[in-house]
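*Asks:* Please work from the sequences and hints to get the whole structure.
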Amino acid sequence: MARDRTAAFPVDRNDIELIQHAHPPHWKNPEPDGPYNLVVIGAGPAGLTAARDAAGLGAKVALIERNLIGGACVNVGCIPSKSVIRTARLYADMRDAESFGGDTPERLHVDFQRAMRRMRQIRQRISRADSAATIASEGIDVFFGEARFAGPDAVIVAGKTLRFKKALVATGARASLPTIPGLAEAGYLSNETVFNLTACPPRLLVIGGGPLGCEAAQAFCLLGAKVILAQRDPMFLPGEERDAAQVLSDALAREGVEVRLNTEVVAVRTAGGKKLADLLRDDDTTTISVDEIITGIGRSPNVDGLDLENAGVAYDANGIKVDDYLRTTNPRVYAAGDVCLDYKFTHIAEATARIVVQNALFLGRKRVSQLVVPWCTYTDPEIAHVGLYPAQARQDGIPVKTYTVLMHDVARAVMDGEEEGFVKIHVKEGSDRILGATVVASHAGEMINAVSLAIKSGMGLHALADVIHPFPTQAQGIKMAGDAYRRTRFTSLWKRLSARWLAWSRQ
Amino acid sequence: MLRAEPAALSDDELLDRYQRAAFDYFQENVNAENGLVADTSRPNSPASIAVVGFALSCYPIGVERGWMTREAAVKLTLAALRFFSTSTQGNGDDVTGHKGFYYHFLDMRTGLRVWRCELSMVDTALLIAGVLVAGAYFSGDDDEEAEIRRLAEALYRRVDWRWAQGSSPTLRQGWKPKSGFLHYGWEGYNEATILYVLSMASPDSPTSGDSYEGWTATYQWENIYGYDVLYGGPLFMHQFSHAWIDFAGIRDAFMREKNSDYFENSRRSTYLHRDYARHNPYGYGGYDENLWGLSAGDGPGGFRTSVDRQRRRFSGYAARGAPFGPDDGTIAPWSYPASLPFAPEICLAALRHLGDRYPEVVDNFRLPSGFNPTLANRRKFGRNGWVSEGHYGLDQGIVVMMIENHRSRLVWKLMRSNQHIRRGLRKAGFTGGWLSRDDGDGA
Numbered sequence: 001m002a003r004d005r006t007a008a009f010p011v012d013r014n015d016i017e018l019i020q021h022a023h024p025p026h027w028k029n030p031e032p033d034g035p036y037n038l039v040v041i042g043a044g045p046a047g048l049t050a051a052r053d054a055a056g057l058g059a060k061v062a063l064i065e066r067n068l069i070g071g072a073c074v075n076v077g078c079i080p081s082k083s084v085i086r087t088a089r090l091y092a093d094m095r096d097a098e099s100f101g102g103d104t105p106e107r108l109h110v111d112f113q114r115a116m117r118r119m120r121q122i123r124q125r126i127s128r129a130d131s132a133a134t135i136a137s138e139g140i141d142v143f144f145g146e147a148r149f150a151g152p153d154a155v156i157v158a159g160k161t162l163r164f165k166k167a168l169v170a171t172g173a174r175a176s177l178p179t180i181p182g183l184a185e186a187g188y189l190s191n192e193t194v195f196n197l198t199a200c201p202p203r204l205l206v207i208g209g210g211p212l213g214c215e216a217a218q219a220f221c222l223l224g225a226k227v228i229l230a231q232r233d234p235m236f237l238p239g240e241e242r243d244a245a246q247v248l249s250d251a252l253a254r255e256g257v258e259v260r261l262n263t264e265v266v267a268v269r270t271a272g273g274k275k276l277a278d279l280l281r282d283d284d285t286t287t288i289s290v291d292e293i294i295t296g297i298g299r300s301p302n303v304d305g306l307d308l309e310n311a312g313v314a315y316d317a318n319g320i321k322v323d324d325y326l327r328t329t330n331p332r333v334y335a336a337g338d339v340c341l342d343y344k345f346t347h348i349a350e351a352t353a354r355i356v357v358q359n360a361l362f363l364g365r366k367r368v369s370q371l372v373v374p375w376c377t378y379t380d381p382e383i384a385h386v387g388l389y390p391a392q393a394r395q396d397g398i399p400v401k402t403y404t405v406l407m408h409d410v411a412r413a414v415m416d417g418e419e420e421g422f423v424k425i426h427v428k429e430g431s432d433r434i435l436g437a438t439v440v441a442s443h444a445g446e447m448i449n450a451v452s453l454a455i456k457s458g459m460g461l462h463a464l465a466d467v468i469h470p471f472p473t474q475a476q477g478i479k480m481a482g483d484a485y486r487r488t489r490f491t492s493l494w495k496r497l498s499a500r501w502l503a504w505s506r507q
Numbered sequence: 001m002l003r004a005e006p007a008a009l010s011d012d013e014l015l016d017r018y019q020r021a022a023f024d025y026f027q028e029n030v031n032a033e034n035g036l037v038a039d040t041s042r043p044n045s046p047a048s049i050a051v052v053g054f055a056l057s058c059y060p061i062g063v064e065r066g067w068m069t070r071e072a073a074v075k076l077t078l079a080a081l082r083f084f085s086t087s088t089q090g091n092g093d094d095v096t097g098h099k100g101f102y103y104h105f106l107d108m109r110t111g112l113r114v115w116r117c118e119l120s121m122v123d124t125a126l127l128i129a130g131v132l133v134a135g136a137y138f139s140g141d142d143d144e145e146a147e148i149r150r151l152a153e154a155l156y157r158r159v160d161w162r163w164a165q166g167s168s169p170t171l172r173q174g175w176k177p178k179s180g181f182l183h184y185g186w187e188g189y190n191e192a193t194i195l196y197v198l199s200m201a202s203p204d205s206p207t208s209g210d211s212y213e214g215w216t217a218t219y220q221w222e223n224i225y226g227y228d229v230l231y232g233g234p235l236f237m238h239q240f241s242h243a244w245i246d247f248a249g250i251r252d253a254f255m256r257e258k259n260s261d262y263f264e265n266s267r268r269s270t271y272l273h274r275d276y277a278r279h280n281p282y283g284y285g286g287y288d289e290n291l292w293g294l295s296a297g298d299g300p301g302g303f304r305t306s307v308d309r310q311r312r313r314f315s316g317y318a319a320r321g322a323p324f325g326p327d328d329g330t331i332a333p334w335s336y337p338a339s340l341p342f343a344p345e346i347c348l349a350a351l352r353h354l355g356d357r358y359p360e361v362v363d364n365f366r367l368p369s370g371f372n373p374t375l376a377n378r379r380k381f382g383r384n385g386w387v388s389e390g391h392y393g394l395d396q397g398i399v400v401m402m403i404e405n406h407r408s409r410l411v412w413k414l415m416r417s418n419q420h421i422r423r424g425l426r427k428a429g430f431t432g433g434w435l436s437r438d439d440g441d442g443a
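So the protein lines, in turn, are chains E and C. Counting with the numbering used here, you get residues 1 to 507 for the letters of the first sequence. Counting with the numbering used here, you get residues 1 to 443 for the letters of the second sequence.
FYI, nobody ran anything at the bench for these hints, they're computed from the structure. Treat the numbers as computed from the prediction; the structure is a model and nothing was measured. Treat the hints loosely; a few may be bogus.
To list a few chain E residues with every Cβ distance to chain C over 12 Å, as calculated [what the hints assert, rightly or not]:
no.: 1; residue: D15
no.: 2; residue: H21
no.: 3; residue: R89
no.: 4; residue: R95
no.: 5; residue: R117
no.: 6; residue: R125
no.: 7; residue: L183
no.: 8; residue: G210
no.: 9; residue: A245
no.: 10; residue: G256
no.: 11; residue: D316
no.: 12; residue: S369
no.: 13; residue: G445
no.: 14; residue: A463
no.: 15; residue: I468
With a Cα cut of at most 27 Å, we get these calculated BS3-like pairs of lysine-lysine [to be verified]:
no.: 16; chain 1: E; residue 1: K321; chain 2: E; residue 2: K165
no.: 17; chain 1: C; residue 1: K258; chain 2: E; residue 2: K428
no.: 18; chain 1: C; residue 1: K75; chain 2: C; residue 2: K427
no.: 19; chain 1: E; residue 1: K495; chain 2: C; residue 2: K258
no.: 20; chain 1: E; residue 1: K456; chain 2: E; residue 2: K366
no.: 21; chain 1: C; residue 1: K258; chain 2: C; residue 2: K427
We treat Cβ as the ideally placed atom computed from N, Cα and C, and that holds for glycine.
*Replies:* Below, the structure is given as C-alpha cells:
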C-alpha cells in the first residue's frame with residue numbers, strides 16, 4: 001500500500017534539521033520597519049536572489065515565506081531529484097561495470113532507503129546556506145506566514161502590515177494534477193511527495209514524458225522499479241529536437257523502462273491494493289497494474305490566496321501577467337520566476353530576480369526577452385539546449401545550418417564510456433553567427449555553458465574553434481563543432497591559393 | 001543460399017540476379033484473384049497496400065526484362081486495380097479503405113482491414129504511385145490496357161487528400177475509426193515526399209498550398225562527418241520516394257537555399273551510413289566500410305543480453321538509423337541495391353562483400369530484411385548471427401525498382417512523363433532540370 005512506502009515530512013532527522021534552518025518553529029517575525037524599498041513574497045531562488053541583491057545594495061528589504069525557505073528547488077525539485085539521480089547512476093555503472101573493465105557484483109542489492117537518506121542529508125546541507133538566521137543576519141527582515149495584498153502598496157503577513165515602494169511576487173509554482181478520472185482517489189506521487197518515499201515501488205507508472213517524467217522514470221528504473229512511462233505525444237521532451245528525443249528514448253528502453261509513446265492514461269482505479277490504470281493508444285485500451293503512479297505533467301503558478309486583486313495585479317491560469325520588464329499591471333509590483341514565466345527553471349528564476357532589482361529599484365530597462373536561456377534535462381545522457389531551434393529559426397526566415405559532432409568522436413567521451421549523444425550548434429547559413437545549440441551527452445549541462453557564453457558575448461563559431469580546450473575533455477565536442485565549421489570555409493579557391501603560396505615558399 | 005559463385009559474375013550479371021530474385025517475390029506471393037501481395041513471405045501474412053504499390057511498379061520491369069509476359073502483367077495489374085476500385089470504402093468495420101485511402105494491412109483473400117491497423121496516408125501514396133506507374137506503362141489500345149489507364153486515374157483522383165490534412169498544414173500519418181487522426185507528427189525529412197507531391201497535384205481534392213512548406217519547415221540541414229546533409233536516420237527515407245521520382249537536378253526552395261538536390265542528398269546519406277559503420281562506435285560485429293546500412297526492417301526481437309561483456313539490447317521490427325540510432329547491430333542488406341543509383345561504387349562493393357563473407361544470409365540472390373552478425377553463435381543463432389526469416393515485400397520492391405533505375409531509368413522515365421507527378425512537383429516549388437523540359441526526358 002502507498003502509505004507503507006511513504007512517510008509524512010519530516011521523514012528523518014535530516015528533515016527536522018532542514019526545517020530548523022528553513023522555517024524555524026519558534027521564529028519570531030520582526031516588527032515591520034516600513035516602508036520597505038522591496039517586499040519579496042516567496043523565498044525560493046527568485047525571492048532569495050532579489051532580497052539579497054537588493055539588501056546588498058543598501059535597500060530595506062522584507063522577505064516573506066509561508067513554507068520552507070529555498071522553495072521548490074531545494075526542497076522538492078532540483079536538489080533532491082539530482083541527488084537521487086546520482087545514486088541511480090552509481091547503480092547503472094555497477095551493472096555496467098564489465099564495460100569499464102570492472103566486475104559487476106553478483107548480487108546487486110539496491111538500498112533504496114540509503115539513497116533517500118543521502119538525498120535528505122544533501123538537501124539539509126545545501127539549505128543551511130539559506131537559513132532564516134543567515135538571511136536575517138544579512139539585514140533582511142524575514143517573515144513567515146501567508147502573505148496577502150492589502151492594497152496597491154501594502155502586504156499583510158501574520159497580522160502585520162508591510163508597506164512597500166516596490167514588491168516582488170516570487171511565489172513559484174506547484175505540480176498540477178492531470179485531469180484523469182480516479183487518479184486523485186487512487187493516490188499518486190508528485191514532485192512534492194515523491195521524495196517522501198521510504199521504499200522503492202516494485203511497479204511504477206510515470207505519466208508524462210517531459211523532463212520531470214523522463215528523469216523520474218530513468219532514476220526509479222535504475223533503482224530497481226519496473227517502470228512504465230506513458231507519454232501522450234509521439235516523442236519524449238516535446239519541443240526538443242527529434243534526434244535528442246530519439247537518443248533519450250533509446251537510452252530509456254535500453255535500461256528497461258517500458259516506453260509507451262502516443263499513449264494516454266484515461267482512468268485509474270484501485271483493486272486489491274494495486275492501482276489499475278487504463279492506457280489508451282489509438283483505438284486500443286490496455287489496463288496495467290502498478291504500485292505507485294508519478295505524475296510528471298505541468299506546473300501551476302501559486303497565485304491563490306495572495307489577494308492579487310487588492311493590488312490590481314492581473315493573472316490567469318498561466319500565472320501573473322508581466323511585461324518584458326517583469327512589471328505587473330500594478331507598476332509598483334513585479335514578478336519573477338515560475339509564477340509568471342513559461343521557463344520554470346531555478347536559473348531563470350534567479351536571472352529574472354536580478355532584472356527586477358535593476359528595474360524596480362534602479363530605474364533599469366532590462367528585458368526578459370534578451371536573456372540567453374539554457375536548460376537541461378538530467379537524464380543519462382543529459383539533454384541541454386540554448387537559443388533557437390532550427391525550426392524556430394526557419395519560421396523566422398533565417399536560413400540555418402547545423403554543425404554536428406557525435407560524442408563517439410570525442411576522445412574523452414570514449415575513454416569515459418559515455419559516447420552516447422552529440423553536440424549540435426546551429427548557425428545562420430553563410431555565417432558563423434550562433435543561433436542556438438543542443439547537446440546530448442553525459443555532462444551536457446556542463447558543456448552547454450560554453451555555447452551560452454559565446455551567444456551572450458556575440459562570439460561566432462569560428463572564434464569558438466580558437467578557444468583552447470584542455471585535452472582530453474568532453475567539452476572538446478563544442479570546439480570540434482567550431483573545427484567542423486572552419487573546415488567548410490576551406491573553399492576550393494582558398495585551397496588553390498594556399499597551395500600556390502606554399503609551392504612558392506618551397507622555392 | 002547463393003547457388004552461383006557471385007564473384008565470377010560481372011556487375012550487370014550480379015545485379016540481374018539480385019533483381020530477378022527480388023522480382024520473383026511478387027509472383028510467388030500475389031493473390032492472382034485480387035492482385036493483393038503479401039507483406040512478407042511468412043505463413044498467414046496479410047497484404048500490405050504499399051507492397052501492392054511496389055508490385056504494380058515492378059510488373060512493367062518484369063515485362064521489359066522478359067521475366068513475365070505483358071499479358072500476365074496486365075492480368076495481375078487489372079486484378080489489383082479492379083479490387084481497389086470495387087472494394088468497400090467507409091468509416092465503419094469490414095471495409096478496405098475510407099475517403100479513397102486504404103488500410104495499411106488487408107486480408108489476402110477478402111481484402112478487408114486486419115490487425116485493427118491504421119488507414120495509412122503514406123502507404124496509400126506508395127500504392128497510388130504504383131497505380132500511376134501502371135497507368136503510364138500500359139499505353140496499349142486494347143480494352144484491358146485502356147481499363148488500366150481509366151482505373152488508375154480514377155483511383156488517384158478519388159483520394160481525399162485535403163481531408164487527410166485534418167486541421168493542420170501537414171498531412172496526418174494515419175486515421176482510425178474510433179480515435180480519428182493519429183496525432184503522430186511528421187517532423188523532419190523522411191520518405192513522404194511522394195505523398196506530398198501526389199496530394200498537391202490532385203485535381204479534385206488537393207492539400208492546401210502551405211502543406212509542403214509546413215513539412216519542409218521542420219527540415220534540418222546538418223554537417224555530419226564532414227557531409228552537408230538533410231538528415232533522415234534510416235536509409236529507406238532516402239530511397240522510397242526516389243524509387244518513383246528522379247530528384248537529380250530538380251530543386252525545391254529548401255534545396256535551392258542549400259545549393260543541392262535530393263538525389264545528391266541521398267548519395268551523401270549513403271556515404272554517411274558507410275562512414276558510421278567504419279566508426280562503429282558501439283563495436284557491433286561485422287561493421288566496416290563494406291557492411292553498413294541501417295534502415296526500417298525486421299530485427300532479432302526485443303531482448304537484452306550481454307555480448308563480449310557489453311550489455312546489449314536488441315529490437316524486433318524497427319526503424320534503425322545512423323548516426324543517432326537506434327542501432328542494435330542489425331544490418332538491412334537490401335539497402336545496397338536500394339541506394340545503387342546514388343552511390344553505385346560503394347553499393348556494389350558492399351553487395352559483393354555480403355555475398356563473399358555472408359553467403360548463407362542471401363537466399364539464392366534474394367536479400368533478407370535484416371541480419372545481425374553481432375549475435376553470431378549466440379543464443380540459437382548460427383555463424384552469421386540472427387537472420388530474418390523469409391522476405392519482406394517492401395524490401396524486394398525497392399530492390400527491383402532501384403536496380404532498374406540504375407540500369408535503364410525505366411520507372412523514372414515513366415514518372416517523368418506523368419502529368420500528376422510533374423504538377424505536384426511544381427506545386428511543391430520544384431524547378432529546373434528535367435522538370436523545365438516539356439517532355440521531361442532529359443536522361
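*Asks:* Hints first: check each against the structure and report whether it holds.
*Replies:* Against the structure, the hints:
1. D15: Its Cβ never comes within 12 Å of chain C, the nearest being 37 Å, so this holds.
2. H21: Per Cβ check, E/H21 is outside 12 Å of chain C; nearest 42 Å; holds.
3. R89: holds, 15 Å
4. R95: Non-interface label on E/R95 violated, nearest chain C Cβ at 7 Å vs cutoff 12 Å.
5. R117: For E/R117, whose nearest Cβ neighbour in chain C is about 29 Å away, the distance exceeds 12 Å, so it holds.
6. R125: Consistent with the label, E/R125 stays out of reach of chain C, its closest Cβ about 34 Å off (over 12 Å).
7. L183: holds, 21 Å
8. G210: Consistent with the label, E/G210 stays out of reach of chain C, its closest Cβ about 16 Å off (over 12 Å).
9. A245: Given a closest Cβ separation of 10 Å, the condition is violated.
10. G256: Violated, because the least Cβ-Cβ distance between E/G256 and chain C comes to about 7 Å, which does not exceed 12 Å.
11. D316: holds, 25 Å
12. S369: Holds, since 23 Å exceeds 12 Å.
13. G445: Per Cβ check, E/G445 is outside 12 Å of chain C; nearest 20 Å; holds.
14. A463: holds, 18 Å
15. I468: holds, 22 Å
16. E/K321 to E/K165: Cα-Cα ~20 Å, so holds.
17. C/K258 to E/K428: Holds: C/K258 and E/K428 sit about 12 Å apart, inside 27 Å.
18. C/K75 to C/K427: Violated. C/K75 to C/K427 sits at ~34 Å, over the 27 Å cutoff.
19. E/K495 to C/K258: At roughly 22 Å apart (the allowed maximum being 27 Å), C/K258 and E/K495 satisfy the hint.
20. E/K456 to E/K366: Holds, because 15 Å separates the two Cα atoms, which is no more than 27 Å.
21. C/K258 to C/K427: holds, 19 Å
Hint compliance for this structure: hints 4, 9, 10 and 18 are not met, and every other hint is.
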